[in-house]
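What follows is the residue order along each chain.
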Amino acid sequence: MHIALDADLFNGPSLSTGNIWVKPSNGTWHNSRLPISILPPEVLARVFSFQAALEPPSSEASPTDWVSTTSKRLGWIKVTHVCQLWRDVALSEPTLWEDVGLEVMPKWAEEMLVRAKSVSVKVRRAAYSDFLRGIWIGSSASAERIVANHHAHIGELTLVGDPESIIPSAELLLASPTPVLVALDLQIRTEWDEENIVSFPPSPHGTPLSPRLRCLTMARCQPSWTHPVPYALTHLEIRLPTAAMRPLSTSSPLHPTPPQITAFNNLVTSLKGMPALETLILEHCIPTRPPVTIGSSSPDSIANLPCLTTLALSGKPGDCLNIVQSVRIPPSAKLGLSCMSYAGQGEDCLILLPFVTAQLRARDKDAPSLRTLSISDAGGFGLSVQVWEEIKPRDQPSVFSYHGVRPSVHFFFAFDSDGEGANSRVVRSICDALPLDDLQSLSVDVQEFWDTWSEQTWGDTFGRCKTLHHLRSAGAAAPSLCDALTRPEKAALDPTKEEKTAGAPRPVLFPNLARLTLQDIAFNGSFALRFLGGLAGRRGKNAGLKHFHGKGCEFGPHYIQVLKSIVPEVELEDWEEDEEEEEEDIEDLSTEDSDT
Amino acid sequence: MPTIVSVDDSTVPGEGSSRLLLLVSSDNKHIVVEEDIMSRSRFISKQVEGFEATSQRHAILLPFSSFVLNKVIEYCSHYRGYYLLEDDPDAAPPGRSPVREWDQEFLDVDRNMLLRIIKAAHYLEIKSLVGSCARAIADMIRGKTTEEMREILGVENDFTPEEEHSPSSKCTG
Numbered sequence: 001m002h003i004a005l006d007a008d009l010f011n012g013p014s015l016s017t018g019n020i021w022v023k024p025s026n027g028t029w030h031n032s033r034l035p036i037s038i039l040p041p042e043v044l045a046r047v048f049s050f051q052a053a054l055e056p057p058s059s060e061a062s063p064t065d066w067v068s069t070t071s072k073r074l075g076w077i078k079v080t081h082v083c084q085l086w087r088d089v090a091l092s093e094p095t096l097w098e099d100v101g102l103e104v105m106p107k108w109a110e111e112m113l114v115r116a117k118s119v120s121v122k123v124r125r126a127a128y129s130d131f132l133r134g135i136w137i138g139s140s141a142s143a144e145r146i147v148a149n150h151h152a153h154i155g156e157l158t159l160v161g162d163p164e165s166i167i168p169s170a171e172l173l174l175a176s177p178t179p180v181l182v183a184l185d186l187q188i189r190t191e192w193d194e195e196n197i198v199s200f201p202p203s204p205h206g207t208p209l210s211p212r213l214r215c216l217t218m219a220r221c222q223p224s225w226t227h228p229v230p231y232a233l234t235h236l237e238i239r240l241p242t243a244a245m246r247p248l249s250t251s252s253p254l255h256p257t258p259p260q261i262t263a264f265n266n267l268v269t270s271l272k273g274m275p276a277l278e279t280l281i282l283e284h285c286i287p288t289r290p291p292v293t294i295g296s297s298s299p300d301s302i303a304n305l306p307c308l309t310t311l312a313l314s315g316k317p318g319d320c321l322n323i324v325q326s327v328r329i330p331p332s333a334k335l336g337l338s339c340m341s342y343a344g345q346g347e348d349c350l351i352l353l354p355f356v357t358a359q360l361r362a363r364d365k366d367a368p369s370l371r372t373l374s375i376s377d378a379g380g381f382g383l384s385v386q387v388w389e390e391i392k393p394r395d396q397p398s399v400f401s402y403h404g405v406r407p408s409v410h411f412f413f414a415f416d417s418d419g420e421g422a423n424s425r426v427v428r429s430i431c432d433a434l435p436l437d438d439l440q441s442l443s444v445d446v447q448e449f450w451d452t453w454s455e456q457t458w459g460d461t462f463g464r465c466k467t468l469h470h471l472r473s474a475g476a477a478a479p480s481l482c483d484a485l486t487r488p489e490k491a492a493l494d495p496t497k498e499e500k501t502a503g504a505p506r507p508v509l510f511p512n513l514a515r516l517t518l519q520d521i522a523f524n525g526s527f528a529l530r531f532l533g534g535l536a537g538r539r540g541k542n543a544g545l546k547h548f549h550g551k552g553c554e555f556g557p558h559y560i561q562v563l564k565s566i567v568p569e570v571e572l573e574d575w576e577e578d579e580e581e582e583e584e585d586i587e588d589l590s591t592e593d594s595d596t
Numbered sequence: 001m002p003t004i005v006s007v008d009d010s011t012v013p014g015e016g017s018s019r020l021l022l023l024v025s026s027d028n029k030h031i032v033v034e035e036d037i038m039s040r041s042r043f044i045s046k047q048v049e050g051f052e053a054t055s056q057r058h059a060i061l062l063p064f065s066s067f068v069l070n071k072v073i074e075y076c077s078h079y080r081g082y083y084l085l086e087d088d089p090d091a092a093p094p095g096r097s098p099v100r101e102w103d104q105e106f107l108d109v110d111r112n113m114l115l116r117i118i119k120a121a122h123y124l125e126i127k128s129l130v131g132s133c134a135r136a137i138a139d140m141i142r143g144k145t146t147e148e149m150r151e152i153l154g155v156e157n158d159f160t161p162e163e164e165h166s167p168s169s170k171c172t173g
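Protein chains in written order, with my numbering: chain A, 1 to 596; chain B, 1 to 173.
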């Protein structure tokens with residue numbers, strides 16, 4: 001036996017215990033000779049750290065996913081089942097165990113926390129809807145137990161579920177010393193009681209037991225504002241359901257809310273204690289300040305937030321105004337203003353425009369100018385106006401599809417559009433308030449209320465956008481915009497009364513326009529003739545298009561032929577043929593175009 | 001530690017605008033490379049600092065083949081002059097490296113080659129390359145069952161029956 005062992009010594013590792021040679025198991029012997037085993041433990045641990053990110057435990061398991069296998073529920077932890085070496089490496093690397101999910105493996109949470117040793121851990125408890133509670137594997141008791149036993153080294157805590165299970169854990173955490181807690185994310189999920197907004201004191205005695213807490217995110221719950229939040233946060237995000245879904249004055253059964261004026265003052269006082277705040281998102285949670293105090297902000301009552309990069313406010317226009325009057329933020333901060341108009345026409349939202357204009361005017365001269373503007377009716381339930389410094393990728397449709405880059409300014413106004421032209425008046429006011437001289441990309445996608453905009457209005461609103469390069473339009477706004485863009489100079493094409501009375505020649509709208517994208521437009525009759533004639537006219541003035549992209553439009557084949565003779569690049573997508581095309585008119589146009 | 005040998009001046013071209021290094025692979029191939037290119041390697045940088053102290057030129061013997069070394073040099077050449085956070089010695093310890101498209105194509109090699117590259121990158125202390133390789137290996141075993149991972153990497157189950165079923169030694173969900 002000794003001889004055999006000695007022979008093996010030349011080929012691979014063995015363990016020495018005093019004078020006795022102990023041969024590893026056959027599997028261990030085999031594994032030690034594999035290419036994967038040449039990796040140092042710290043490199044293998046690095047592989048596992050990626051694995052942990054790609055496959056967190058329970059990532060593919062939910063109460064409704066009955067086919068989830070144990071392997072899927074375990075996520076990356078299954079690497080500890082592969083072989084001795086992998087298990088040893090995983091167990092000896094505490095940072096691999098820092099992300100603790102309670103929902104599927106509550107009984108293992110304690111074990112994972114032990115394996116994390118003294119590393120700051122992230123604890124998540126995600127629950128599902130109430131009617132599935134019976135098959136939850138996680139429990140509020142496990143969350144409370146974890147918090148009670150491990151509060152000292154919880155770095156991030158995310159709790160998702162019903163208020164009865166979440167709030168006790170959160171209150172327990174914040175009442176305990178949590179020296180490494182950096183982020184707290186509380187998300188209340190209630191299926192049946194939309195009006196049940198939970199308020200709780202962020203720190204029972206006003207004493208910050210979480211000195212390193214920097215990120216506080218709350219959904220469907222909020223600080224009670226009985227006193228200021230005592231944390232020097234960099235990220236404060238509170239999201240409540242829309243005001244329409246809850247009473248204006250909310251009182252929690254757990255903690256009564258203070259008078260609104262006290263709550264507002266405590267909110268502002270809290271902000272004053274957050275000089276490093278980078279993100280402030282307040283969604284339908286701004287306490288209403290009595291009108292008597294509006295405009296009375298003294299320098300002492302203003303919170304200076306020099307590091308703020310994002311300010312997003314939702315609520316009544318007056319509440320949002322109260323906040324912007326109570327903070328001083330850098331001109332470069334990105335703004336999101338989402339208001340419910342109670343005046344019915346949206347004009348009451350415009351009280352925020354002076355603030356936006358002042359912010360944009362205060363920008364550094366070297367700051368990037370606004371390059372992309374998107375106007376949309378947001379599916380018919382409001383008006384969305386977004387403007388970016390970046391140039392929008394070509395042919396990206398409107399508001400909902402330009403993900404990834406937060407706009408510099410985003411207005412969202414929801415209102416009851418009974419009166420015709422309500423949208424257009426508000427849009428005109430917003431555009432007038434924005435510095436759009438360097439605009440390069442414009443998207444207008446609205447379905448209603450735009451027929452009141454004449455081509456003159458388009459010219460008055462966007463005539464200053466001399467550098468516009470790409471225009472996209474869809475919906476009801478497109479025909480009048482096309483008319484404004486291509487108003488014919490030649491009486492022979494299809495003169496309208498307006499053209500005859502236009503007087504002196506007007507400058508070409510968007511003289512540098514190169515790309516035009518139109519969607520869902522029917523090019524027929526006199527409109528089509530005006531459009532083609534106008535394009536030919538632009539070309540004659542050195543303002544011709546280089547690229548036309550039609551999507552879902554209706555054309556006749558002759559129109560397309562003429563269009564291609566005017567625009568070098570014509571791209572048509574999902575187009576329909578217009579069978580009633582007037583060939584004679586088109587032939588006339590073709591002749592005139594060739595003359596041009 | 002690598003073996004450092006003295007090098008004849010004729011072996012390495014004289015100092016110009018960009019100094020040259022001589023790297024010697026385990027299969028005794030001599031590869032001359034600009035110092036700038038290899039500056040991403042903390043190991044090489046430390047070696048070069050040592051050379052400056054002695055004002056002598058040296059070759060650096062490395063314990064991996066020329067095939068692997070050339071792949072590493074290709075990586076360093078591609079990112080020459082680029083700032084990569086993971087390779088910044090003054091930055092915080094790297095977390096998970098970002099996905100870089102070029103890296104994915106560069107590391108589209110067979111499993112054994114990938115393992116050799118990551119080992120070489122670890123030896124040379126090129127953290128960005130270690131991170132990209134680690135991500136590639138993690139992708140390789142992502143979503144696989146324990147058995148499938150064993151099959152892919154040729155690993156045998158070396159747990160004793162007691163270890164395999166011991167609740168204290170593994171999380172079974």
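Just so you know, the hints here were simulated from the structure itself, not pulled from any lab data.
Hints may be right or wrong, so weigh each one.
Stated by the list, open to error - Only pairs whose alpha carbons sit at most 30 angstroms apart, straight line, appear in this in silico DSSO-like list of lysine-lysine:
no., chain 1, residue 1, chain 2, residue 2
1, B, K144, A, K117
2, A, K316, A, K334
3, A, K334, A, K117
4, B, K29, A, K117
5, B, K119, B, K144
6, A, K551, A, K541
To be verified - Ranges between beta-carbon positions, derived for each pair:
no., chain 1, residue 1, chain 2, residue 2, range
7, B, Y82, A, D432, 17 to 27 angstroms
8, A, P368, B, R111, 45 to 55 angstroms
9, B, Y82, A, P331, 42 to 52 angstroms
10, B, E105, A, D574, 44 to 54 angstroms
11, A, R363, B, E49, 40 to 50 angstroms
12, B, E52, A, L91, 40 to 50 angstroms
Note that the Cβ used here is the ideal one computed from N, Cα and C, for glycine as well.
Given hint K117/A paired with K334/A - CA-CA distance at most 30 angstroms: violated (40 angstroms)
Can you let me know if the beta-carbon spacing of E52/B and L91/A is within 40 to 50 angstroms? This hint holds: roughly 43 angstroms between Cβ atoms.
In this structure, is the beta-carbon distance linking Y82/B and P331/A contained in 42 to 52 angstroms? At roughly 32 angstroms between Cβ atoms, P331/A and Y82/B fall outside 42 to 52 angstroms, so the hint is violated.
Would the hint linking K551/A and K541/A be met if the CA-CA limit is 30 angstroms? Holds. K551/A to K541/A sits at ~27 angstroms (cutoff 30 angstroms).
Does the alpha-carbon distance linking K316/A and K334/A stay inside the 30 angstroms limit? holds (20 angstroms)
17 to 27 angstroms as the expected CB spacing between D432/A and Y82/B, which holds or is violated: violated (44 angstroms)
Within 40 to 50 angstroms: is that where the Cβ-Cβ distance between R363/A and E49/B falls? Given about 46 angstroms between the Cβ atoms, the range holds.
Starting from K119/B, check that the Cα of K144/B is at most 30 angstroms away, please. holds (23 angstroms)
Hint check: K29/B vs K117/A, CA-CA at most 30 angstroms. Holds or violated? Distance of about 46 angstroms is beyond 30 angstroms: violated.
E105/B and D574/A, beta-carbon distance inside 44 to 54 angstroms? Distance hint for E105/B, D574/A is violated at roughly 35 angstroms.
R111/B and P368/A - C-beta distance against the hinted 45 to 55 angstroms: Holds: the Cβ-Cβ distance is about 46 angstroms, inside 45 to 55 angstroms.
Measure nothing beyond the straight line between the CA atoms of K144/B and K117/A; if it is 30 angstroms or shorter, mark the hint as holding. Holds, because 28 angstroms separates the two Cα atoms, which is no more than 30 angstroms.
Figure legend: structure checked against the earlier numbered hints; hints not met, in rising order: 3, 4, 7, 9, 10.
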